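Asks: Each step along the sequence shown adds one to the number in the numbering used here, with nothing skipped, and position 51 is 932.
Everything labelled a hint here was simulated from the structure, so no lab data went into it. Given the structure is predicted, the values throughout are model-derived calculations rather than measurements. Beta carbons: idealized from backbone N, C-alpha and C, even for Gly. Worth double-checking, as some hints may not be accurate.
Unchecked claim - Listed next, the in silico BS3-like pairs over lysine-lysine satisfying Cα-Cα at most 30 angstroms (straight line):
#: 1; residue 1: 973; residue 2: 914
#: 2; residue 1: 969; residue 2: 904
#: 3; residue 1: 979; residue 2: 997
#: 4; residue 1: 982; residue 2: 910
#: 5; residue 1: 982; residue 2: 904
#: 6; residue 1: 910; residue 2: 973
#: 7; residue 1: 969; residue 2: 997
#: 8; residue 1: 904; residue 2: 914
#: 9; residue 1: 979; residue 2: 914
#: 10; residue 1: 904; residue 2: 979
#: 11; residue 1: 914; residue 2: 969
#: 12; residue 1: 910; residue 2: 969
#: 13; residue 1: 979; residue 2: 910
#: 14; residue 1: 997; residue 2: 982
#: 15; residue 1: 969; residue 2: 979
#: 16; residue 1: 997; residue 2: 973
#: 17; residue 1: 904; residue 2: 973
#: 18; residue 1: 969; residue 2: 982
What the hints assert, rightly or not - Simulated restraints on C-beta separations:
#: 19; residue 1: 899; residue 2: 980; range: 13 to 23 angstroms
#: 20; residue 1: 911; residue 2: 943; range: 15 to 25 angstroms
#: 21; residue 1: 941; residue 2: 994; range: 27 to 37 angstroms
#: 22; residue 1: 996; residue 2: 973; range: 13 to 23 angstroms
#: 23; residue 1: 995; residue 2: 940; range: 14 to 24 angstroms
#: 24; residue 1: 907; residue 2: 993; range: 15 to 25 angstroms
#: 25; residue 1: 901; residue 2: 939; range: 32 to 42 angstroms
#: 26; residue 1: 992; residue 2: 906; range: 34 to 44 angstroms
#: 27; residue 1: 934; residue 2: 985; range: 15 to 25 angstroms
#: 28; residue 1: 994; residue 2: 897; range: 29 to 39 angstroms
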Amino acid sequence: MVDTTNPISTRDDFTIWQQNLRKSSGAWKHLIKNLDPETYDLACIQEPYLNPVNLANTSNLRAHWDVIYPTDHHSSPTRTQVIMLINKRLSKNNWHSKPIKSSNVMSIELTGEFGKVSIYNIYN
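Given these sequences and hints, build the entire structure.
Replies: Structural data, given as structure tokens:
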């Protein structure tokens, strides 16, 4: 179902930011500063910077982005090599995380008038 009150639902494009951060806090800060929620719908991050409790968070991140971790992140968080940031303007009714038992691969499935599409984030 398309949310007509949501400007992202009426756009014809879908924009993805992809970056390997090499676990750098400086690269993480640059990403958060430049990842414009008006421009990007999804960020696929490899080698994310995770804080001491193995989470990707900053004060302004959760205002615009849902952080998605690999399926087994909470059982072995130090091995996480990929995360996805999904723009909160995308209705949670139109996407879901697909379970993959790996800290190097994750996927989401989007649904809409276009049908279904899977997007994979792979650290290789």
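Asks: Would you mind marking each hint as holding or not holding in the structure?
Replies: Quick rundown of the hints versus the structure:
Pair hint residue 973 plus residue 914 holds up; C-alpha atoms about 24 angstroms apart against a cutoff of 30 angstroms. A threshold of 30 angstroms between alpha carbons decides the hint, and for residue 969 with residue 904 the separation of about 24 angstroms falls inside it, so the pair holds. Restraint check: the Cα-Cα separation between residue 979 and residue 997 comes to about 13 angstroms, which is no more than 30 angstroms; the hinted pair holds. Only pairs whose Cα atoms come within 30 angstroms are accepted, and residue 982 paired with residue 910 is accepted, the gap being roughly 29 angstroms.
For the given pair, residue 982 sits about 21 angstroms from residue 904 by alpha-carbon distance, which is consistent with the 30 angstroms threshold. With a C-alpha separation of about 26 angstroms, the suggested pair residue 910 and residue 973 falls inside the 30 angstroms cut-off, and the hint holds. Of the supplied pair hints, the one linking residue 969 and residue 997 holds, its CA atoms being roughly 19 angstroms apart against a limit of 30 angstroms. Taking the CA atoms of residue 904 and residue 914, the gap is about 16 angstroms. The hint holds against a cut of 30 angstroms.
Under the criterion of a C-alpha separation no larger than 30 angstroms, the hint pairing residue 979 with residue 914 is consistent with the structure, at around 28 angstroms. With a C-alpha separation of about 24 angstroms, the suggested pair residue 904 and residue 979 falls inside the 30 angstroms cut-off, and the hint holds. The straight-line distance between the Cα atoms of residue 914 and residue 969 is roughly 17 angstroms, inside the 30 angstroms bound, and the hint therefore holds. Between residue 910 and residue 969 the CA atoms are separated by roughly 20 angstroms; this keeps the pair inside 30 angstroms, and the hint holds.
Distance check on the hinted pair: residue 979 and residue 910 sit about 28 angstroms apart at the alpha-carbon level, within 30 angstroms; holds. For a cut-off of 30 angstroms, the pair hint linking residue 997 to residue 982 stands: about 22 angstroms separates their Cα positions. With a C-alpha separation of about 18 angstroms, the suggested pair residue 969 and residue 979 falls inside the 30 angstroms cut-off, and the hint holds. The hinted pair formed by residue 997 and residue 973 meets the criterion: a straight-line CA distance of about 14 angstroms does not exceed 30 angstroms.
Restraint check: the Cα-Cα separation between residue 904 and residue 973 comes to about 28 angstroms, which is no more than 30 angstroms; the hinted pair holds. At roughly 25 angstroms between alpha-carbon atoms, residue 969 and residue 982 fall within 30 angstroms of each other, so this suggested pair holds. Hint check: residue 899 to residue 980, Cβ distance near 22 angstroms, so the stated range 13 to 23 angstroms holds. Roughly 18 angstroms separates the CB atoms of residue 911 and residue 943, a value that falls within the hinted 15 to 25 angstroms.
Taking the beta carbon of each, residue 941 and residue 994 are about 31 angstroms apart, inside 27 to 37 angstroms as hinted. Remark: the range hint 13 to 23 angstroms for residue 996 to residue 973 is upheld by a beta-carbon distance near 18 angstroms. One distance hint, 14 to 24 angstroms for the beta-carbon pair residue 995 and residue 940, is violated here, with the actual separation near 35 angstroms. Under the hint 15 to 25 angstroms, the C-beta atoms of residue 907 and residue 993, about 36 angstroms apart, miss the expected range.
Take residue 901 and residue 939: their Cβ atoms lie about 19 angstroms apart, and the range 32 to 42 angstroms is violated. With their beta carbons about 35 angstroms apart, residue 992 and residue 906 fall inside the hinted range of 34 to 44 angstroms. In this structure the supplied range 15 to 25 angstroms holds for residue 934 paired with residue 985, their Cβ-Cβ distance being about 21 angstroms. At about 19 angstroms, the beta-carbon gap between residue 994 and residue 897 misses the expected band of 29 to 39 angstroms.
Violated hints for the displayed structure, listed by number in ascending order: 23, 24, 25, 28.
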